[in-house]
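**Q** For this one, chain S is given, so just place chain Z with the ligands on it according to the hints.
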Amino acid sequence: MKRNIISVSSLKKDFIVGEVTVHALRSVNLDITEGEFVAIMGTSGSGKSTMLNILGCLDKPTEGIYLLDGIDISTLNKNELARLRNLKLGFVFQSYNLLPRTSALENVELPLFYNDSVKPRERRERAIAALGAVGLADRMHHMPNQLSGGQQQRVAIARSLVNDPVVILADEATGNLDTRTSYEIMALFQELNAKGKTIVFVTHEPEIAGFTTRNVHFRDGNIIKENLVTNRGSAREMIMAMPLEVDS
Amino acid sequence: MNITNLSKIALNALLRNKFRAFLTMLGIIIGVASVIAMLAIGEGSKKSIQDQISSMGSNLVIVMPGTQMMGGVQQGNASSKALDVRDVKAIRLDCPSVSAVSPEVRGGGQVVAGGNNWPTTFYGGDVNYLDIKKVEVKTGRMFSEQEVASAAKVCLIGQTVADNLFGKEVDPVGQTIRFKNIPVRVIGLLEEKGENTFGMDQDDLLIGPFTTVQKRILAVTHINAILGSAVNEEATSQAVTEITTAMRTSHKLSEGEEDDFQIRTQAELVSTFSSISDILTTLLGAISAISLLVGGIGIMNIMYVSVTERTREIGLRMSIGGRGLDILMQFLIESILLSVIGGIIGILVGVTASAVIGNLTGWPIAVMPLAIVVSFLVCTAIGVFFGWYPARKAAGLNPIDALRFE
Ligand SMILES: Nc1ncnc2c1ncn2[C@@H]1O[C@H](COP(=O)(O)OP(=O)(O)OP(=O)(O)O)[C@@H](O)[C@H]1O
Ligand SMILES: [Mg+2]
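Order-wise, the sequence lines are chains S and Z.
All you need for my numbering is the position in the first sequence, starting with 1, plus 28.
All you need for my numbering is the position in the second sequence, starting with 1, plus 1.
These aren't lab readings, by the way, just hints derived from the structure by calculation.
A few of these clues could be false.
Calculated cross-link-like contacts (lysine-lysine; reagent style DSSO-like; alpha-carbon spacing at most 30 Å) [unchecked claim]:
#	chain 1	residue 1	chain 2	residue 2
1	Z	Lys-253	Z	Lys-90
2	S	Lys-116	Z	Lys-90
3	Z	Lys-9	Z	Lys-48
4	Z	Lys-394	S	Lys-40
5	Z	Lys-394	S	Lys-116
6	Z	Lys-181	S	Lys-88
7	S	Lys-106	Z	Lys-169
8	Z	Lys-181	S	Lys-147
9	Z	Lys-135	Z	Lys-169
10	Z	Lys-181	Z	Lys-169
11	Z	Lys-9	S	Lys-147
12	Z	Lys-394	S	Lys-106
Now the in silico label distances, taken between C-beta atoms and shown as ranges [stated by the list, open to error]:
#	chain 1	residue 1	chain 2	residue 2	range
13	Z	Val-375	S	Ser-176	50 to 56 Å
14	Z	Asp-402	S	Gly-63	50 to 56 Å
15	Z	Ser-8	S	Ser-37	41 to 47 Å
From the three backbone atoms N, C-alpha and C, an ideal C-beta is built for every residue, glycine too.
Chain S on its own, in the form it takes in the complex (with noise of 0.2 Å):
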């Protein structure tokens, strides 16, 4: 049996906003194991960004239990969860969230920088091979205004793997691009996870939820449904299968 990355269990958070509680997820569970792509769907608002959050270890849940790649995480303090952070996890952006003035190789070292135990030299080699993994490799001394969305948003998942993490958390990664940039990002998601990585997206589009081996349906604060993809789609060949733009 594949061993569980994710674990969740009767996961409540509460929001307090004055005088009112904001319920956004009432009682989750949720188990993802290694190798699957998730897709998290559901309306605006319905708490998906919370989840992910949550998943992220960058908010802490009001009740219930998180068990990431078998470590309960409300018994590490802030340090250790920024050390698991930086060790197992992987995020990507709606908006990228790419330093300025700063070459793509750098923007991927960056999470490198937080691990002691990586020397330059190893650093810089993972840093390029990440960006060779994304199609970028020609595009390492580009500064993020100098790249389009779709790369900007590649160079971001090339940061995401540059430490291996677990599991790859994406909230919204295409909801800035056009269709075929998006198509483009979920071929280099269906790579990355034919290669064995796990993969969590949020998203409220269908089409790009066809991409993914399974998706989870929530709304207002709770999982109402869940299925497996049955006949998923290949984006590169439904890339392959768009028309062309109508070169000059």
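**A** The following block gives chain Z with the ligands in isolation, referenced to the frame of chain S:
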């Protein structure tokens, strides 16, 4: 996270905003540079006053009529009595710590030679007068005891007077000049001494036998002062004690009476003027310290703004594994780098500016090594002190709040 990595991160962050980093450093640069330059000016003037005064002879003791002054306050109200040659004799006989003693008589007036005239002061002294005042004869000779005894109408001439009467070309020695209409023969030219610290031209004078100045020129019997040399600098206070006793005896003062003369020593002058320029130095230093403080607040302001501006960056760094301590150190190192680099530039600018100011104004300049060391330490301290609060603020952020910051 090790310091090398953190320093690299901090340096990269600063390099991303070179111009802003420079503007921030400007406060520190100006602050440090002005501290160093101001202290250099203050210290330089103090040194030159000290040099100046000791070049007049650090074992010089001067007796003047009048009551003793202590720190500018007149002590008692005893009358003053004019000095005369008997006092000089008394000191010569009774003061073993005084190696040489000479009367000094002086009078101002117009000196004329050919078609030129010039206002100056005629000083009269004994044959050892030049030795006591540390003045050398450049050409010609000093007057003799014989000439003192006979009140011969001879004098030595200062360079300024010579230039104004005869021009650069003519050798003044052997010429006859008229001081207050009395013809006086120039027998020697004095070595140049230049201006003293107080701006007084030390070459604008004539020196002759005191008898000549007393009898032939001023028609007086008193003398203006008595100049004495202590056997060495350490013997100065012993000399003062001996002179006081000799003078009191000579003036027939009884036990309870105040002195009717005053004694000044070079050592005393040095300390008076040193303390005046110490006040000046402190004042200048304080003013520039304030500008350094303002520079520090500038750094704090920039660091504070950049914590807010870079909240999302902080969030990102936390999301990829940066601990609060790492973030704190990054911002602290950034601020220390700013102030230390600014400080080093400031030291260079300050030293250069001191030299330039010295060259342009001719003021004496002495850069204090201590000022450099202290301002470097102050810069580091400013970096830590003013960086600490914004850095703490950055480190205390919650990763998710920082990431979501709009
Ligand atoms: N920091 C917060 N403080 C207060 N309420 C919050 C906070 N974060 C989220 N919420 C609330 O929790 C609920 C879930 O929000 P969440 O961001 O998880 O939604 P989402 O599913 O990601 O929506 P979207 O698709 O629009 O991104 C919402 O009602 C939201 O208002
Ligand atoms: Mg969301």
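**Q** Give a verdict on every hint.
**A** Here is what the structure says about each hint:
1. Between the alpha carbons of Lys-253/Z and Lys-90/Z the distance comes to roughly 15 Å, so the proposed pair stays at or under 30 Å and holds.
2. Of the supplied pair hints, the one linking Lys-116/S and Lys-90/Z is violated, its CA atoms being roughly 101 Å apart against a limit of 30 Å.
3. A distance of roughly 45 Å separates the Cα atoms of Lys-9/Z and Lys-48/Z; the hinted pair therefore is violated under the 30 Å criterion.
4. Between Lys-394/Z and Lys-40/S the CA atoms are separated by roughly 29 Å; this keeps the pair inside 30 Å, and the hint holds.
5. For the given pair, Lys-394/Z sits about 27 Å from Lys-116/S by alpha-carbon distance, which is consistent with the 30 Å threshold.
6. For the hint pairing Lys-181/Z with Lys-88/S, the CA-to-CA distance comes to about 103 Å; that exceeds 30 Å, so the pair is violated.
7. Distance hint between Lys-106/S and Lys-169/Z is unfulfilled; the C-alpha atoms sit about 86 Å from each other, more than 30 Å.
8. This hinted pair does not check out: Lys-181/Z and Lys-147/S have alpha carbons roughly 92 Å apart, beyond 30 Å.
9. With a C-alpha separation of about 24 Å, the suggested pair Lys-135/Z and Lys-169/Z falls inside the 30 Å cut-off, and the hint holds.
10. Note on Lys-181/Z and Lys-169/Z: the hinted pairing holds, with a Cα-Cα distance of about 23 Å set against a maximum of 30 Å.
11. A hinted pair counts as satisfied when its Cα atoms are at most 30 Å apart, and Lys-9/Z with Lys-147/S qualifies at roughly 13 Å.
12. As the CA atoms of Lys-394/Z and Lys-106/S are separated by approximately 16 Å, the hinted pair is consistent with the 30 Å bound.
13. Distance hint check for Val-375/Z and Ser-176/S: the Cβ-Cβ separation is about 53 Å, which falls inside the suggested range of 50 to 56 Å.
14. Here the CB-CB span from Asp-402/Z to Gly-63/S is close to 33 Å, at odds with the stated 50 to 56 Å.
15. Against the hinted window of 41 to 47 Å, the Cβ-Cβ separation of Ser-8/Z and Ser-37/S comes to about 44 Å, which satisfies the hint.
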